[in-house]
Every structure is written in structure tokens, then in C-alpha cells.
Amino acid sequence: MSCWQTIQDYGLRSLGIGERLLPRQDFTLCEQVTLIGSGLLWNIYFGALALLAGFFLATALAVGKGARNRAVRRGSEWFIFLFRGSPLFIQFFFAYFAFLSLKQLSPVFDAFTSAWLGALIVLFFNTAAYSGEIFYGALRSIPKGDVEAADAYGFSGWPRFRRIIWPTMLRLAWPAYTNEAIFLFHATTLVFFTGFPAWQQRGDALYYANYFADKTFNPFVPYPILAGYFILLTLVLLALFGLINRRLNRHLPQEARRPLKFRMNLIR
Amino acid sequence: MFSYCADPDTLSGLTWLSCYLTTGKHMSFYLSFGVVLLLLAITAPAALMFGFGGAAAARSRVWPVNWLGRGYIAIVRGVPDIAFFLFFVIALDQGFEWMRHQVLCPDWDQPIRQGNDFIVCAQAKLPQGNAAQWLHEVYGFFLAVLTFAIVFGAFAANVLFGAMRAVPRAQLETAEAYGMSRRQTFWRILVPQMWVYALPGLSNLWMVLIKATPLLFLLGVEDIVYWARELGGTANPRFTQYPHGDWRMWYFLALLVFYLGFTKVSEVVLERLMQKLTHGQATTGGEAQRKAAA
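Residue numbers (the working numbering), protein chains in the order written: chain X, 480 to 747; chain L, 88 to 381.
Looking at chain X on its own, in the form it has when it is part of the complex (with noise of 0.2 Å):
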């Protein structure tokens, strides 16, 4: 069978289009490339959608732990506490039987209890608590004289906000935030190893890698190949927020702005 065969049968394979059954013996170098790249969509589903409506809820926690009533103060550390503070893995595997239980409650929550929507909501929550820390730190290190300078032209609460607090937070946050981002592509990776079931082997790129590495007993090939593929991920990530983030600086000379540096940081 040739590669291109091979391509057209497994290469959507993760979302559920071509071949049904995985190959099972005499595994060609082009399949494996093919179906761990096919399983790299869901990353990439999870990691997008997540990163997107995160976003907004970790500004919202931001302001939220920033404000002055105390209820909504409360509210926003101890959400970002109850996430930044347990693992991830935990939280998997307690969404996942938690929908479980509601689904005998009410049909509703038949979804939520499917990969693509449980996990998606557990790693929107998390980013949001991860990112909304970020920002939050950003927040408190505004130039007192931006916020003076609002002041003085006029500038008032939302407009205050929209135009100058919330781009200068961005500006300061945006490396951490980049880091951030690439974490949460990492770590979509836990999904499927955490009670979520892999609906007709429709699994994302490390499922695939396991397969893989279980059936013929030697990790030394489908675990670099996903290695390859994760790091071409995390160059394309750090192309896209380079690109922002010299939006964001744009008012700046030239010899002011710093290019994006990536510095690791680690496991959630």
C-alpha cells in the first residue's frame, strides 16, 4: 500500500472519516506519521477553543480578583486557587465521573460526559485560572503614571479600561501568556488518559503514539515522531504570538521592543 493510500485512508482518521479499523500489524513508518498527525487535530481543537474562550473568562477573574467588593474578590482567588492548585489530571478524572453522575440526573448532560465537550470545559476553566493569575500579576504592575495620565485626559471606567489598562496588561502579560499557551497545548494531551473514552479509537495524537508504542513494544519510534510534530506545534504557536505581541508594542522605538523569548515553564 502506498503512502498516499495511507494518507488518504488514515488521514482524518481521528475525526472519524476513512478507514475504520487501525492497522494492526506490520506497521509502516507512513502510518504511524499519518495517524499520530491525524490525532494532533484534537490538540489542536482542544488547545485552540480553549485558549479562545479562556482568554476572555481570565480577564473577567483578573478584574474579578483585582476588584474592591469582597464577594467578587472571594469568588475569583478561590476559583483560580481551585484550579492552579490541584493537578489537572485530578480534575479529569473528577469532571469526567462527575458528569457521569449528573447524566443519570438528566439527558442534558449526555455530551458532557464525550471528550470533545467535558474535557474541552476542564481545560477552559484552567487556562482561564492560569491565564487570569498572569494577567492579574500584569494588572498590578501598571506604571502608576499610565493610569495617572488617564486620569488627567479624562478617561473614566470602561473607556478607562478598554484603551489604556487592558492593552498595557496585555503588553506586560503577553510572554507569560505565551508560555501559558503553549503549556495548554501540552497538556490537552492528557485527555484521553483520564476516563475520557476514546470513541471508536478516535483518539488525539499521544493516544495514537501510545498505540503505537503498546502494540509493537518499541517506543523509540512513535514517540519522537510525536515529539516532531509537537514541536513544530509550539514553533507555529510562538510564530503567531511573536506576531501579536509585536502588534501590541507597535508605538514603541524600535530598539525598545524585545522579541519573544520562549522560557519554559512547566507541568500544571
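These aren't lab readings, by the way, just hints derived from the structure by calculation.
On a predicted model such as this, the values are computed, not experimentally measured, just so you know.
Check before you lean on any hint, since a few could be wrong.
With a cut-off of at most 25 Å between alpha-carbon atoms, the simulated PhoX-like pairs for lysine-lysine come out as follows [said to hold, decoys possible]:
#, chain 1, residue 1, chain 2, residue 2
1, L, K363, L, K378
2, X, K694, L, K212
3, L, K378, X, K623
A few chain L residues that face chain X, going by a derived Cβ cut-off under 8 Å, partial list only [to be verified]:
#, residue
4, D204
5, V207
6, Y346
Just so you know, even glycine gets a beta-carbon here, dropped at the ideal spot from N, CA and C.
Place chain L on chain X using the hints.
For chain L alone, kept in the frame of chain X given last:
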């Protein structure tokens, strides 16, 4: 456990719960919390050693060593750590068996990889096929610890490498001016001073390490996640004296609370430690302490 637990069918309410929570299986569950703590206690210093080695190698002037150190630090960036966990457990196991195979069975003529099998001679198997069950478990745990140490060693190397570069350059130049060799400068000047700069990063790493411990489950160790799934699942009255529905959600809630508590305690202790270390230092933190006292 208690004398009234002899016939669980007659019990109800709190007494039933007290009997249920003290069955032999639950004792194994409680013991597995100890496994997690043991893992942390062994891994933290081991990872620190790996990290120190990596950071020292990355500073070396001999290029293969330098390249090795930098490669070690760089490789964990960009790749999900869970992939490393899954990879290293098999890779290390096969690596050890392969090495023993080379030493113990030099006249073995068949290939080691036959299709989907990895075949070494019987003497090279780890642990030996007839070994006791506990040996298998200890070996599994050892592999897990080594995997954790390698992965977290790379993170620690990253932190320590940064800390070494944060030590003021003038300190090292002074050492050179006094005629110290590179080795002496490293051990007498650089290493004692770098810890202050490394502590924030290392305490961060500790928090991350705590949160990585449930991944033990993926490495095949019977840890808290394993037991929570095992005990929480629906218990059929035919097989157990304590039948109940699907309680996995509550077991995982307990784990969640355990980790939250552990994180909180660590936060408080690390904050105390930081306060102690900054005392008298010429940093903003130390200055703030001095002003508060005055």
C-alpha cells in the same frame, strides 16, 4: 477493623461508613498516599542532582559536554512531559535489559527485535521471571522515580542554569583576580551564591512536582488514582460485603481536596523559607524586612 464490623449487612449510617472506610482495600488506598509522599521525597533530591549535573554541563567549555547539557535542557521544552513519562518507562526498561543482555549472553545470535517483540535471554530479564511480586513492584516504582528524576532534572537544570548566570559577574571576576582556577571559582564562589536566585524557581518546581505525582498512575504504579478508580467503582453485592453505587466522583473529590491542602501547606512553608533566606540580603525583599523591623 472494629469488632462490630463482623456482619456489615446489619449496619447502617455512620457505623457502616466507619467499617467501610477501614477495610483492607481502603488501608491500601491510604498507604498509596504514602507512596506519593515517598516518590516526592526521593524524586526531589534526585531531580536536583540531575539538574545540577545538567546545568554544570551546560556551562562546560568542552563542547561535547556543553552540547549534551544544553540538549538535555532544551529537549524537554516543546514536547509534552506526559509523552516523556510514557516514553522513558518503556525505553529505560528496554535499555536496562539490553545492557544486561549484552553482558550476560554474549553468544546469543538471534535479533532482539523480532517483529513486535522485544526478546532478550532469560538471564537478562528484569526482574527475573521467578522473582517475588514485591520485587516487580519495587522495580516498577524505581523506573517511575528515575523517569520523574530525568524529566524534572531537565526543568531543574533550566532553573539552576539561569541562577548561575544571575550571580553578579563581578564576583567571578574577583575570584579570577585572586588567582582561583575555574573549578575553584565554580565550587567556592558560584555554587554557594546561586541558591538565593534559584529558590523562587525551585519552589515553583516543587509545586509542579506535587501536581505531577498523579501521573504515577500512567506509569503502572498502584497509586492513589488507581485505588480511587478501583474502590469508587460500582460494588456489586455478590462480590463484596459493602455494596454501593458509582462513587468514583467522591473519591476523586477527596483526592482533589488532598492536593489542594498539600499545595496550600507547601505554599505557606516555602513562604516562610523565603522570608528566612531574604533576611539580611541586599534585595528589595530584605530591605522591606529591615524597614518593617525598624
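Hint check:
no. : hint            : verdict
1   : L:K363 / L:K378 : holds, 15 Å
2   : X:K694 / L:K212 : holds, 20 Å
3   : L:K378 / X:K623 : holds, 23 Å
4   : D204            : holds, 7 Å
5   : V207            : violated, 12 Å
6   : Y346            : holds, 4 Å
Hint compliance for this structure: hint 5 is the single one not met.
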